[in-house]
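Enquirer: We have chain U already, so just place chain R on it with the hints.
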Amino acid sequence: MAQAASVKSVATRISTQADSKFQDAVAGWVFMAPAFLVIFVFLVLPMLAAVFFSLTNWNGIRPLFTGDGSFNAEAFEMVGLENYQRLLIEDGSRQQAFFTALKNTVYFVMGVVPVQTILALGLAVIVNQRWLKGKGFFRTAFYFPSISSSVVISLIFMFLFASNGIINQGIKAIFPSYENVTWLNDATGIIHALLGALGITRNTVGGWATTEVAGIPLWNWLSGPSVTMLMIMILNTWTTIGTMMVIFLSALQNIPGQVYEAATVDGASAGQTFRKITVPLLRPTTFFIITLGLIGTFQVFDQIYVISSGGPADTTLTIAYLVFRSGFDDQRMGLATATAIVLFIIIFIFTLIQRRITGGDKAI
Amino acid sequence: MRKSVLGVAVLALLLALSVSGLALAQETIQLAGWSSSDAENAALTAAVEAFEAANPSIDVELIFAPEFETFMQTGFASGDYPNVFYVDSFRLQDWASSGVLEPYGDQITDSEDIYEPLRNIFTYEDQLYCAPKDFSTLALVYNTDMFEAAGVEVPTTWEELGAAATALATEDVAGITTGIELPRFLPLLYQNGGSILAEDGSVSLNSPEAIQAVETFVGWYTAGVGRSPADLGAGWAGEAFGQGKAAMTIEGNWIIQYLLDQFPDTNWSVAELPAGPAGQATMAFTVCYGVAAAANNDNLEASIALADFLTGPEGAQLVAAGGFGPMPARASAADAWLTARGEEFAPFVAGGEYARPWSFPPGFGSFIDTFNTGLNEAIAGNMTAAEVIESAAEIAQEAIDDMS
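Chains as they are written, first to last, in our numbering: chain U, 1 to 364; chain R, 365 to 768.
Bound-form chain U, shown alone (with noise of 0.2 angstroms):
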């Protein structure tokens, strides 16, 4: 009897034990389930819609469902592949198309990222220096670009790039031989002006000029980015500076003051210390810096939009640019979504490639 007694309540132990176990998950599932939600409808839904329609003809109109709620099954055929290969190996006005973009994005991103870097670092170990006045100023001035609407942005330097704006008036003014350059409608390639400066134009180099890789002769793969799309870089560089500016404070504030002092103590130079000292401890932050600017000159898109449609001649066509056009103005959803998709691919390649150099791996 007694010995009934107990095994029951061991029993009853282990299943309350069992019972409180299976309440605290779905407590964790419940207080979960909202975050789940979100991102599942607002993230993963989308992607995997994106990776479904890449895999399919649908040209955007087709409605998706009818009046009454049910599926159109006439909105779109699978064709799996051949968008992809469309944009990649077939030669034709897609893959053009597509490695116009990739060229002048790649030709964007390793004008702006470096550059915006370097200045954002500099700017930030300015405005840290403990002699310097009106740091409230300064930071706030160089942060504001960030703040303010790129659209509008957009517009300002629109009037200000104008053929006959402040910068072309400002340049006469100085030098009163310059020609204006047409900033908003220039499609020469900065690397063929310079070349050509130098005398060597399409003509001089050679037959290899003209053979086509993706259907791009080489001459133009070497063309760098045209004076509107530099135009759209100094714009760019200059709007992200301060967010990257204030991420770069933040961690040199952190930097712990009794380095710089043992520095001093043991008799190194100013630039000693910042090399040194500063840029290593400054790593991580740098790999972060790096990453949210490969990310976001690889989709840069508002800007373009804005400025330039992808004009002149295609030279400020980004990728991000070319899924819009395929998509609402060509009515070729499944390419757009496959073009996204290989946009996708890319940037997570390139960081990477870039987590490998700056050594982010480790820091992390």
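Hint data in this document are derived by calculation from the structure and do not stem from the laboratory. Incorrect hints may appear among the rest.
[Said to hold, decoys possible] Sample of chain R residues at the chain U side, in silico, Cβ under 8 angstroms:
no.: 1; residue: A594
no.: 2; residue: A635
no.: 3; residue: I759
no.: 4; residue: Q761
The beta-carbon is built from N, C-alpha and C at its ideal position, and this holds for glycine as well.
Expert: Positioned in the frame of chain U, the structure of chain R alone reads:
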């Protein structure tokens, strides 16, 4: 606590019932478009109110959507979009072929009265899909002071236009400015006897006539007598012209009100576009009131009634009397428009007789991009006229192959 929850539930139920009760008695249809000038918006609102007064059981909700085409496209995708909406002639074939439009051509009041070129624009696979709201054509806009000062006559052929541009061009003033884009170039192509598509729908762009037309257009710019609006520091050709930086431009009806409002001191006039060897041609830009396809439209009859009211003889008179930039699509209202707007704008109306549609088969978006790029590249000296035509013809062929 429990009581108040119950109270809320009962209230919600009552509300839902009353709303659905209202809906039974009253049909609501949505009318979507983009915002034009304040005066035009007010006129449309007034026309809609007149329709509501005549049809008390129908409520019209007017939506002016920014980024209109993106707004519509996302609506189409979900199958839930406005009952009546603007359709740009350029989009008609894309939208009609996707089955989002209900063709109501046979229910339009006196459709013969609508200009034939306009009816053709909105016809897809032998069905008239919708009735045009109004239209604009391209004409030659010129600065009368500059013409007088230089002693130049209004050009009637492209050679004369080239000569006039050369005579008018100075250090600071371009002889002519236009957007470097397909619609400004197409009249030259048509007037030279070229075409984009043959009768049977095959690509006929690659022809000596087309190459010659590109050479003429590009020639103005490479010779320096033509300059692009961006080059003149302006956002578009109308602005450059108004500022007195160009003696001529090729623009549509929308430039009228713009110049009157923004540049009242500039003296200008309008002429029909010069003619080419194959006669006269201009471009017509027009918008119709599309009606949502039956499958996605629960108020089909009311929708068609609204579209027909707005575009019918009465609606056309309203457009005409307003004297806005765009002209009424009905010949019967042309005189009323000229009276309201001014007889000097007759060249725009004349274009209605021989205008070609700004409209393409489905999937021709990248054709336009390629052509625009080609024209820019040719002016920059990176492409020849033949290469421009060849690359555009290739893309056109690709788009057609894609769709078949």
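Enquirer: If a hint holds in the structure, say so; if it doesn't, say that too.
Expert: Hints, verified against the model:
1. A594: holds, 3 angstroms
2. A635: violated, 28 angstroms
3. I759: holds, 5 angstroms
4. Q761: This hint is violated: Q761(R) lies away from chain U, its Cβ roughly 10 angstroms from the closest one there, beyond 8 angstroms.
Hint check: violations occur at hints 2 and 4; the rest are consistent with the structure.
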